[in-house]
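Colleague: Single-letter residue listing:
Number of protein chains: 2
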Amino acid sequence: MEFGFYMPTRVKIGKNCVLKNSDDFKIGTKALIVTGKSSAVNGALDDVLNVLNKNNTEFVIFDKVMSNPTVECVYEGAEVAVEEEVDFVIAIGGGSPMDAAKAVALLAVSDLDRIQLFGSDIGHRALPMIHIPTTAGTGSEVTPYSILTNHEKQTKKSIASDCLFPQYAFLDAKYMQSISHDVMVNTAIDALSHSVEGMLSVKANIMSDIVAAEAIRLISSQFKNLKEGIADKEILLYAAMLGGVVISQTKTTAVHAMGYPLTYFKNIDHGRANGLLLGEFMKYTEKYEPLRVKKILSVMGIENTAEFKNIFIELLGKRDNFSVDELEMYSYISEDTGGVKNSIHRPNVDEILEIYTKSLID
Amino acid sequence: MEFGFYMPTRVKIGKNCVLKNSDDFKIGTKALIVTGKSSAVNGALDDVLNVLNKNNTEFVIFDKVMSNPTVECVYEGAEVAVEEEVDFVIAIGGGSPMDAAKAVALLAVSDLDRIQLFGSDIGHRALPMIHIPTTAGTGSEVTPYSILTNHEKQTKKSIASDCLFPQYAFLDAKYMQSISHDVMVNTAIDALSHSVEGMLSVKANIMSDIVAAEAIRLISSQFKNLKEGIADKEILLYAAMLGGVVISQTKTTAVHAMGYPLTYFKNIDHGRANGLLLGEFMKYTEKYEPLRVKKILSVMGIENTAEFKNIFIELLGKRDNFSVDELEMYSYISEDTGGVKNSIHRPNVDEILEIYTKSLID
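Those protein sequences? They're chains H and D, same order as listed. Counting in the numbering used here, the first sequence runs from 1 upward without gaps. Counting in the numbering used here, the second sequence runs from 1001 upward without gaps.
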């Protein structure tokens, strides 16, 4: 037994947890609220503004975060943070605003250029953060990662530092009321993928496995409801947070690494990209690590990897169109990534292409 | 669903994890090592001194911590910390040195008198700490609690603040090599009690329950080995840490509250005290919360609370002698404690006496 565990974010879960914990928002005197144009729906922004007004805390809103946020976007946000002299950041939204907020909180106090930002040492300082997820997928509210679009590498890349753990995460399913069917499905698959990949990571350990198994169990319990549009949003929000706890320890694997090019080049939703690849990656891994795969299937109450893959086929509907040339390019882009290297059995470039092909063309 | 989760300690587990992570010991420039006369056995102190010497970090050793540390002891330790101008604390030992170290780290930077120390607001500042458990019971290395002997109240009382979470916990089972049979049994029962009580706490939640169930499962898997003196120490050390994670969220219940007088007045080991009471408390709770109790029994793979109680009878051997008068006094002392109030079904003073009597006399 050899592993480490660290997850310093204070998580508060429950209806009206933002309003009920207004004192927690006193971690600074002026807030930068980082969100997307349509992220702060269902009252999340209203609740935060209520709390800030109650606390007499100043704030500025930066609502320019797009899906799959760019480096340009986070530098722009950091500039606002510096100009406005904010001393903490509140992120409201799905993975995109939360990941952007982390990079903004970092760049507001650290002088890093684009190369350094994706380098191995981004330092240990960032503005303190409060994260309020409005989707049940990313788990970013409890991870030390920020995933940004990296045009140099033609994919999405993560930056990581313990200073990117938010100080607080508030999880209230009421902010998910009007989420579309597709977003519910894609984000649930992303959350499931975090936990499944966590169990297929070289860093999987006895502790991450407990959390991953629980998240997988909970999300699996909602597959039928997801299809019917009646999923329990609170369970999924909680399970997605657990998935974040898992990857904080284990990181993600080839599935995420291979999914990023699908998003970068074809604008395929992140969770959907993972879902398209997860079945074949499980089949691939089964050849080398049958017991690990069996453990995941058993938690889900299913028999085999064919049945596993079928869940995603049913949830995701018609596949997107890809050419062999495209998949070859993605294979070369993915081959040397941290995610591929982090897989319990590491696929080489030919095997990556095979997984892509079986997932997307065959 | 409504709960919070917070556990900021960095946990590192594995053989030689102290030596392998010497950089983590650079959290200060001069350390106070808090330990007991015989706590730093099996090389724990040697490993720490190796690391401090390698890092050129100064240190002072305070090795006067006794079992069930007193308030006098922690004030004395704090005086040494101030005089020697240390800026971090390293605790080596079981629950007693770890709990004492927390109070020392607090009192070294906070001017609190004895009344304030047991009051509701001990502030938010303490010296940073590294904890190295050498028993598998307390879980103190991952909790915000310090339990001290309180002569005014004639029992043990806990002080609690998030500033008492250690920064680091290093878990290496090699430090447990020469633990006596009784200590192994008593500490394992303490760890089990934390997780069982966590599931019987009013603060039990979906997340604490996962961790508690895993700890209970692991400790139960070692009952037979414990009796035979061949328990897997690494599994127990890990499970005890999980028990600490549980009570960080849920606190303990009537079992701990009722156990403290047994220790205070009769010097009965803390884990043993819990073990003597746990069976009857389960039986009591079963009457009001049968499903909760059933869940615990099912994790342990046993049928009923009689079988549950029997485990502890077998492990603990002959009971200690108590008079009815003694038990009446303990009942009055326990009645109004936080632990009793924290129980999922709160026993009144007559019920407390009944639990004591059935546990210790009948």
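Don't take each hint at face value.
[Said to hold, decoys possible] Straight line, CA to CA, 25 Å or less: simulated BS3-like cross-link-like pairs of lysine-lysine: (1) H:K341 <-> D:K1203; (2) H:K174 <-> D:K1294; (3) H:K64 <-> H:K203; (4) D:K1341 <-> H:K20; (5) D:K1012 <-> H:K341; (6) D:K1020 <-> H:K12; (7) H:K203 <-> D:K1020; (8) H:K203 <-> D:K1203; (9) D:K1341 <-> H:K203.
Hints are computed from structural coordinates only; laboratory data are not their basis. All figures in this text were calculated on a predicted structure; none of them were measured in a lab.
Colleague: All hints are to be evaluated individually against the structure, with a verdict given for each.
Modeller: Verification of the hints:
1. H:K341 <-> D:K1203: Answer violated: K341 of chain H to K1203 of chain D is near 41 Å, above 25 Å.
2. H:K174 <-> D:K1294: The given pair, whose Cα atoms are some 33 Å apart, is violated under the 25 Å limit.
3. H:K64 <-> H:K203: violated, 35 Å
4. D:K1341 <-> H:K20: Holds: K1341 of chain D and K20 of chain H sit about 23 Å apart, inside 25 Å.
5. D:K1012 <-> H:K341: holds, 23 Å
6. D:K1020 <-> H:K12: Violated, because 34 Å separates the two Cα atoms, which is more than 25 Å.
7. H:K203 <-> D:K1020: holds, 17 Å
8. H:K203 <-> D:K1203: violated, 31 Å
9. D:K1341 <-> H:K203: violated, 41 Å
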